[in-house]
Amino acid sequence: MQHFDLILNGFAMALSSTNLAACFAGVLLGTVVGVLPGLGPTATMSLLLPVTATMDPLAGIIMLAGIWYGANFGGSTTSILVNIPGEASSVVTAIDGYKMAKKGRAGAALAIAAIGSFVAGTVGVVGLQVFAPPLARAALAFGPPEYLALMTFAFVILSNLTETSPVRGFAMAFLGLVLGSVGMDPVTAVNRLTFHRVEMMDGLDFMPVAMGLFGISEILSVALEKYVEPITEKIRARDLFLNREEVRRSIFPVLRGSVLGFFIGLIPGPGPTISTFVSYSLEKRLSKRKEEFGHGAIEGVAGPESANNAAVSGSLIPLLALGLPFAPPAAVLLSGLRMQNITTGPMLMKDAPSIFWGVVASMYIGNIMLLILNLPLVGIFARLAKLKNYYMMPIVSVMCVIGVYSVRGSFFDIYVMVAAGVFGLVMKRLKYPIAPLIIGLILGPTAEMSLRKSLVLLDGNLLAMFSRPISATLLVLTLAFVAWSVVNRRLLDRSLAETGS
Amino acid sequence: MNAVSEPKISRRGAFMFPLLLVAAGGYAVSECPGYGLGSILKPGAGFWPFLMGGLLVVCGAVLLVKAKKEISPGSERPSRGNYLDIGAITVTFLIWGVVGEHLGWLFSTFLLALTITKIFGFKGILKPVCQSALITAACYMLFGVVFTIDLPPPLPEFLFR
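So the sequences go chain by chain: A and B. In my numbering, each residue's number is its place in the first sequence (first place is 1) plus 683. In my numbering, each residue's number is its place in the second sequence (first place is 1) plus 28.
Among these hints, one or two may not hold up.
[What the hints assert, rightly or not] Simulated coverage check for chain B against chain A, where a stretch passes if three residues somewhere in it have a Cβ under 8 Å from a Cβ of chain A:
(1) 37–51
(2) 60–70
(3) 169–178
[Claimed, not checked] Capping the alpha-carbon separation at 27 Å, the derived lysine-lysine pairs in DSS-like fashion look like this:
(4) A:K1071 <-> B:K155
(5) A:K1033 <-> A:K1136
(6) A:K973 <-> A:K786
(7) B:K70 <-> A:K1111
(8) A:K785 <-> A:K1111
(9) A:K1069 <-> A:K1111
(10) A:K1069 <-> B:K155
(11) B:K70 <-> A:K1136
(12) A:K1111 <-> B:K146
(13) A:K1069 <-> B:K70
(14) B:K70 <-> A:K1114
(15) A:K1071 <-> A:K1111
(16) B:K146 <-> A:K1071
(17) A:K1114 <-> B:K94
(18) A:K1033 <-> A:K785
(19) B:K96 <-> A:K1114
(20) A:K1111 <-> B:K97
(21) A:K1069 <-> B:K151
(22) B:K151 <-> A:K1071
(23) A:K786 <-> A:K1069
(24) A:K785 <-> A:K1114
(25) A:K1111 <-> B:K94
(26) A:K1033 <-> A:K786
(27) A:K971 <-> A:K785
FYI, nobody ran anything at the bench for these hints, they're computed from the structure. Glycine is no exception: its CB is placed at the ideal position from the N, C-alpha and C atoms.
Produce the complete structure using the sequences and hints provided.
What follows is the structure, given as structure tokens:
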């Protein structure tokens, strides 16, 4: 009953004119950045952090969350119509979505992507509403060893889920953790790795680094690549109707994708992207028309598009219930919460229930807004894909510098942002993952305090973590994941070698 | 919209980046004893960065050993002009503050927008200037009027003396 009251209260807050406007602005911006290749939700959320800091806390967080899930909604449009995914989580959609468009069923593909995203988004929010409060209650029993074990688990998974070698992932995570320790030590007040600069005594601010790695590096990499005029498939409103056969074939992929995506979102790493690949292979395995996959199977659009949206809600659970972001957009959201002086973690639901329940309620409303926006206006969004770089990049550049400067009024932060941007460009070109670095930077101070407190608590014997049930379970899971990962890579290498010979 | 292509990974890039990681980790490790490492029972301020820096050195060294395998010709080789563009963009960002301090942030923002517009290939003079002016005006409205965010003086101070 109390749960019902809380969600009703959440709706009462989310339906206020300010919060509705923030939600609309967030999902609209999210759809736009989802459509535009390159500029992702993390960069956009970082760009708008200073703006949201001046807003009412709930409205600011609703807007940031709206950008995140809105981007997954919009990402499918260019995948289907132009064959260029707006987001990494829409890469899989392009395989069958573009083939459907070529066969004259672009409208049906877009419609099922929008409907699937809506259903999954709603299922995901239900999951968030059901699972986050008990997890937060359970997390009250977490001590430093449990947090340390959880972060070890997260970093190991995050570093392994890279497209290249896990060593690169670990290197980036350690670099992020080193950068996170820059500044005054909270216990002894000793300045660490500051190069004797006053600006660095408070530590490296998250925002200029995030803006540099995601925003500036994108501008620089666009400057390095050739511009190609996209060819867009035309779309009319009447094309958006699905026929009976398409509806029948889409129902179960949408439902499976929703559940699968939600649970994959809980795992540290790029949940929305991974969920699309898992969903696609699952649908292909279960389908009676396997030969149609890759040639325009509607299941190949319905499943992955549902999965990536549900995964966003799943990714919000560790952030809202434990205060630990396991994905770059979640890290930005955490930064937004901190800028508003909102304590994250298990106490969030006790100390600031209006924030949690207001965000949950706004996600139901946001999903409806996205459905309304994405179906009739899909033609307009598709045209955005043709936007030339010289219209887009100056706006992003100006937003980056003003946004970063406005947080602390420091030119030093702009230099940090530019340095991070150049570093990010090099990382992208050499295929080093950015996610472990950014998560390391934001979780660094928490991880350090957890280790120091654990060492004191356990008399310097970290093996005693195995005697505590929660930390022991997490460490065993981490070791099992490492073992599975090593075996999996060996098998993959062997099969590649056999194929090669 | 940009073409999807595989970037070239040069020999220099493949080796230099891990070396940079080793150097960064090595720097952290070398500095930390000065902050106080403490003991395993009572870790000091330098304990954590020492540990993480050490692990970074190890990872960097492993990557250095494997660097030869990473070299790839790729399908996309940026031209000298591309690198000049990158340099120009970077310098424009860096001087935004210096110009803004003396001539006001509206002028420096206009200059930034115009430079980026031209670098990304907007031909002619009038249209890029108008677009940059429009972006600057929109920023002024958004940051200066609607959200009243603290920024340097919008116009040069000598105008008001």
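The hints, checked one at a time:
{"no.": "1", "hint": "37–51", "result": "holds (count 6)"}
{"no.": "2", "hint": "60–70", "result": "holds (count 7)"}
{"no.": "3", "hint": "169–178", "result": "holds (count 6)"}
{"no.": "4", "hint": "A:K1071 <-> B:K155", "result": "holds (14 Å)"}
{"no.": "5", "hint": "A:K1033 <-> A:K1136", "result": "holds (24 Å)"}
{"no.": "6", "hint": "A:K973 <-> A:K786", "result": "holds (18 Å)"}
{"no.": "7", "hint": "B:K70 <-> A:K1111", "result": "violated (39 Å)"}
{"no.": "8", "hint": "A:K785 <-> A:K1111", "result": "violated (32 Å)"}
{"no.": "9", "hint": "A:K1069 <-> A:K1111", "result": "holds (24 Å)"}
{"no.": "10", "hint": "A:K1069 <-> B:K155", "result": "holds (19 Å)"}
{"no.": "11", "hint": "B:K70 <-> A:K1136", "result": "holds (9 Å)"}
{"no.": "12", "hint": "A:K1111 <-> B:K146", "result": "holds (25 Å)"}
{"no.": "13", "hint": "A:K1069 <-> B:K70", "result": "violated (59 Å)"}
{"no.": "14", "hint": "B:K70 <-> A:K1114", "result": "violated (39 Å)"}
{"no.": "15", "hint": "A:K1071 <-> A:K1111", "result": "holds (22 Å)"}
{"no.": "16", "hint": "B:K146 <-> A:K1071", "result": "holds (12 Å)"}
{"no.": "17", "hint": "A:K1114 <-> B:K94", "result": "holds (14 Å)"}
{"no.": "18", "hint": "A:K1033 <-> A:K785", "result": "violated (52 Å)"}
{"no.": "19", "hint": "B:K96 <-> A:K1114", "result": "holds (15 Å)"}
{"no.": "20", "hint": "A:K1111 <-> B:K97", "result": "holds (17 Å)"}
{"no.": "21", "hint": "A:K1069 <-> B:K151", "result": "holds (17 Å)"}
{"no.": "22", "hint": "B:K151 <-> A:K1071", "result": "holds (12 Å)"}
{"no.": "23", "hint": "A:K786 <-> A:K1069", "result": "holds (22 Å)"}
{"no.": "24", "hint": "A:K785 <-> A:K1114", "result": "violated (32 Å)"}
{"no.": "25", "hint": "A:K1111 <-> B:K94", "result": "holds (18 Å)"}
{"no.": "26", "hint": "A:K1033 <-> A:K786", "result": "violated (53 Å)"}
{"no.": "27", "hint": "A:K971 <-> A:K785", "result": "holds (23 Å)"}
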